[in-house]
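K.L.:
What follows is each chain in one-letter form.
Number of protein chains: 2
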Amino acid sequence: MPELRKDPITGRWVIISTERGKRPNDFLRETVPSPPNAKNCPFCPGNEAKTPPEILVYGRSNGGANTPGWTVRVVPNKFPALGIEGDLDREGEGLFDKMNGVGAHEVIVETPDHVATLASLPERAVEDVLWAYRDRMLDLKNDKRFRYVLIFKNHGEAAGASVDHTHSQLIALPIVPRRVREEVDSCWHYYDEKERCIFCDIIRQERDTGERVIGENDHFITLAPYAPRFPFEMWLLPKVHGSSYENNQSTMYASLARMLKDTLMRLDAVLDRPAYNFMIHTSPIGEEINDHYHWHIEIIPKLTKVAGFEWGTGFYINPTPPEESARFLREAKIASPLATAKK
Amino acid sequence: MPELRKDPITGRWVIISTERGKRPNDFLRETVPSPPNAKNCPFCPGNEAKTPPEILVYGRSNGGANTPGWTVRVVPNKFPALGIEGDLDREGEGLFDKMNGVGAHEVIVETPDHVATLASLPERAVEDVLWAYRDRMLDLKNDKRFRYVLIFKNHGEAAGASVDHTHSQLIALPIVPRRVREEVDSCWHYYDEKERCIFCDIIRQERDTGERVIGENDHFITLAPYAPRFPFEMWLLPKVHGSSYENNQSTMYASLARMLKDTLMRLDAVLDRPAYNFMIHTSPIGEEINDHYHWHIEIIPKLTKVAGFEWGTGFYINPTPPEESARFLREAKIASPLATAKK
Numbered sequence: 082m083p084e085l086r087k088d089p090i091t092g093r094w095v096i097i098s099t100e101r102g103k104r105p106n107d108f109l110r111e112t113v114p115s116p117p118n119a120k121n122c123p124f125c126p127g128n129e130a131k132t133p134p135e136i137l138v139y140g141r142s143n144g145g146a147n148t149p150g151w152t153v154r155v156v157p158n159k160f161p162a163l164g165i166e167g168d169l170d171r172e173g174e175g176l177f178d179k180m181n182g183v184g185a186h187e188v189i190v191e192t193p194d195h196v197a198t199l200a201s202l203p204e205r206a207v208e209d210v211l212w213a214y215r216d217r218m219l220d221l222k223n224d225k226r227f228r229y230v231l232i233f234k235n236h237g238e239a240a241g242a243s244v245d246h247t248h249s250q251l252i253a254l255p256i257v258p259r260r261v262r263e264e265v266d267s268c269w270h271y272y273d274e275k276e277r278c279i280f281c282d283i284i285r286q287e288r289d290t291g292e293r294v295i296g297e298n299d300h301f302i303t304l305a306p307y308a309p310r311f312p313f314e315m316w317l318l319p320k321v322h323g324s325s326y327e328n329n330q331s332t333m334y335a336s337l338a339r340m341l342k343d344t345l346m347r348l349d350a351v352l353d354r355p356a357y358n359f360m361i362h363t364s365p366i367g368e369e370i371n372d373h374y375h376w377h378i379e380i381i382p383k384l385t386k387v388a389g390f391e392w393g394t395g396f397y398i399n400p401t402p403p404e405e406s407a408r409f410l411r412e413a414k415i416a417s418p419l420a421t422a423k424k
Numbered sequence: 082m083p084e085l086r087k088d089p090i091t092g093r094w095v096i097i098s099t100e101r102g103k104r105p106n107d108f109l110r111e112t113v114p115s116p117p118n119a120k121n122c123p124f125c126p127g128n129e130a131k132t133p134p135e136i137l138v139y140g141r142s143n144g145g146a147n148t149p150g151w152t153v154r155v156v157p158n159k160f161p162a163l164g165i166e167g168d169l170d171r172e173g174e175g176l177f178d179k180m181n182g183v184g185a186h187e188v189i190v191e192t193p194d195h196v197a198t199l200a201s202l203p204e205r206a207v208e209d210v211l212w213a214y215r216d217r218m219l220d221l222k223n224d225k226r227f228r229y230v231l232i233f234k235n236h237g238e239a240a241g242a243s244v245d246h247t248h249s250q251l252i253a254l255p256i257v258p259r260r261v262r263e264e265v266d267s268c269w270h271y272y273d274e275k276e277r278c279i280f281c282d283i284i285r286q287e288r289d290t291g292e293r294v295i296g297e298n299d300h301f302i303t304l305a306p307y308a309p310r311f312p313f314e315m316w317l318l319p320k321v322h323g324s325s326y327e328n329n330q331s332t333m334y335a336s337l338a339r340m341l342k343d344t345l346m347r348l349d350a351v352l353d354r355p356a357y358n359f360m361i362h363t364s365p366i367g368e369e370i371n372d373h374y375h376w377h378i379e380i381i382p383k384l385t386k387v388a389g390f391e392w393g394t395g396f397y398i399n400p401t402p403p404e405e406s407a408r409f410l411r412e413a414k415i416a417s418p419l420a421t422a423k424k
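Each protein sequence line maps, in turn, to chains P and F. Just so we're aligned, residue 82 is where the first sequence starts under our numbering, counting upward by one. Just so we're aligned, residue 82 is where the second sequence starts under our numbering, counting upward by one.
I should point out that these hints are in silico values taken from the structure, not numbers from a laboratory. One or more hints might be untrue.
When chains are identical, the list treats them as one kind, so a pair holds in a single copy or across two.
[Claimed, not checked] List of simulated lysine-lysine pairs, DSSO-like, C-alpha gap at most 27 Å:
1) Lys87 with Lys225
2) Lys120 with Lys320
3) Lys386 with Lys103
4) Lys225 with Lys120
5) Lys179 with Lys225
6) Lys87 with Lys131
7) Lys120 with Lys414
8) Lys414 with Lys159
9) Lys320 with Lys179
10) Lys120 with Lys275
11) Lys131 with Lys179
12) Lys87 with Lys320
13) Lys179 with Lys222
14) Lys87 with Lys159
15) Lys275 with Lys179
16) Lys386 with Lys179
17) Lys222 with Lys320
18) Lys159 with Lys103
19) Lys320 with Lys131
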């Protein structure tokens, strides 16, 4: 008998096939190939003119702006979903509501190395990417038009990436998206009732049972959530309460880099380098410091197709119980950066 | 400048690229191919034993159950997402909530013709499919465990179909999905304030401006919604208020068959027979007759990939303004069944 499970944060129910869950080999897996040709790649060193002028770089000691020598480079998206100039101009149209599509849309080029991935980069390079996320978030929060900054990554064409060279994206929005608002509000209701953060409670319970724990280090833990929408979905959370990504203690980013690299290496090992998305869930601008919301990263490999049932109901059918996916991921044979860090 | 538009029913914002919207030829289109081989098709006449025993058939005058001669055939899904036997058994698991995955999961085989589609079938055959939807809904509503019945269709592999032979699906659920609840409640709030159905108001406004109207006949209208999630998304609605699909006047189904066929033919003509999903949105069980909810069919062609931004925010980026998609669809050259019906 399949199981209906409810995600305690979003209230979303999912259908979990518990009988004989789909194992890694049951999925039609498409490995994300190594990018073929660096010559015309807009994110490769030497091709800096192919992108709009850079907003932030790390690592360049000599040379002018938009020249090689950088280790991480942030540029405006050449085909932005939102425009950076102008006012909001809210307006009605009969029954309907609209506003100008004002916002920021940036690309974080994670490395000059055309064939590297976040899983293959050295820990130190991954840490630089995490610092770039933070620095851009902090800078964009000064723009009074913005209410939310989303950092996300589309890895592989199947996950929506249109450029092969490894990169993440950032979108700053003039409104708090409904899905974020609902998640934050739901955590607030839980806190209001119990005086505890729901994510802190979940982490406590998951560490007790252990069956959905994928890995942990001093500061972070990776879990398969109890009611995942997708097979092999993972959540990476700080173990001590923290409400916003950009306000982490500076020592945390090195630790997060190791944990994220470890997690992505497990994903690559178990599912043969699949396409995936990840999203940083953090508190909205203006409510960064709070006791009820717990920032985290959600990682979803692209293994199944979203179809009519999901679009019609918001329910998801997940063919792999999280207890099974956690076991595969936990037991993956990798040269974990966590092991090295402990020495 | 792109535009942020809000869907008045769900409160969901979308980003619409208004500058130079993507036209039909700008999408990497994958035509759903004609199914190659009928020999082992579980939905073809003669292969009735390859499915679980039938629940409903139309058109068979002689011969026993599960033999050829039918025109529409409904069977349980061989790999059901939910199990039909057993009780709900709600249960807690520490912080978490679960229940048995009780529900119905059925397949509506729309025609014995292995290579037909809903767009190519004669109107009369499409009407039979619509009657089968209704009859199954009415039957399942007698099961006191169920609270919602969703009818949906995945057409083409890219839209999640795993069998080529044209078919729809039905899932009966023991809970009202959150997304359905939100939509119905939002309509109720509008009604509570204005004493009018929001969909009726939308239809009125859209017929006035005309720019997002794709087609209409006596009873139905097809629109490009004001804030569509996806390029070339369409909504097909009854013009006179009706709160549930299964309670339509019996004369309506022939009219709906013509309108649906017309709409799908336009989609095929403009986008070269794309993969698509459609979902029937109707009132939950036990609240079928009401003044605030307006049943309708949502049709979403599979042209873009849902990526990290959408998963992180619930926002959608739509590269085609609905005014443009409506124009392409409205002006499509097809041998419309509506034209014939008028004569």
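K.L.:
Given a CA cutoff of 27 Å, do Lys120 and Lys320 count as a within-copy pair, a between-copy pair, both, or neither?
P.N.:
This pair counts as neither: shortest intra-copy Cα distance 43 Å, inter-copy 56 Å.
K.L.:
Treating 27 Å as the Cα threshold, decide for Lys320 and Lys179: within, between, both or neither.
P.N.:
between (40 Å within a copy, 25 Å between copies)
K.L.:
How would you classify Lys225 and Lys120 at a CA-CA limit of 27 Å: within, between, both, or neither?
P.N.:
neither (40 Å within a copy, 64 Å between copies)
K.L.:
Give the relationship of Lys386 and Lys103 under a CA distance limit of 27 Å: within one copy only, between copies only, both, or neither.
P.N.:
both (14 Å within a copy, 24 Å between copies)
K.L.:
Up to 27 Å between alpha-carbons, please classify Lys159 paired with Lys103: within, between, both or neither.
P.N.:
This pair counts as between: shortest inter-copy Cα distance 16 Å, intra-copy 40 Å.
K.L.:
At 27 Å max between alpha carbons, let me know whether Lys320 reaches Lys131 within a copy, between copies, both or neither.
P.N.:
neither (41 Å within a copy, 51 Å between copies)
K.L.:
At most 27 Å between alpha carbons: which applies to Lys131 and Lys179, within, between, both or neither?
P.N.:
Neither: 33 Å inside a copy, 52 Å across copies.
K.L.:
Between Lys120 and Lys414, at a C-alpha cutoff of 27 Å, which is it: within one copy, between copies, both, or neither?
P.N.:
Classified as neither: same-chain Cα gap 35 Å, cross-chain 44 Å, threshold 27 Å.
K.L.:
My question is about Lys87 and Lys159: at a cut-off of 27 Å on alpha-carbon distance, are they close within one copy, between copies, both, or neither?
P.N.:
Intra 40 Å, inter 25 Å, cutoff 27 Å: inter-copy only.
K.L.:
Go through the copies and call it for Lys179 and Lys222: within, between, both or neither, with a Cα cutoff of 27 Å.
P.N.:
So Lys179 and Lys222 pass the 27 Å test inside one copy only (23 Å; across, 40 Å).
K.L.:
Is the C-alpha distance from Lys179 to Lys225 at most 27 Å within one copy, between copies, in both cases, or in neither?
P.N.:
So Lys179 and Lys225 pass the 27 Å test inside one copy only (19 Å; across, 43 Å).
K.L.:
Indicate which option fits the pair Lys87, Lys225 if close means a Cα-Cα distance not exceeding 27 Å: within, between, both or neither.
P.N.:
between (37 Å within a copy, 21 Å between copies)
Checked against the numbered hints given earlier, the structure breaks hints 2, 4, 6, 7, 8, 10, 11, 19 and satisfies all the rest.
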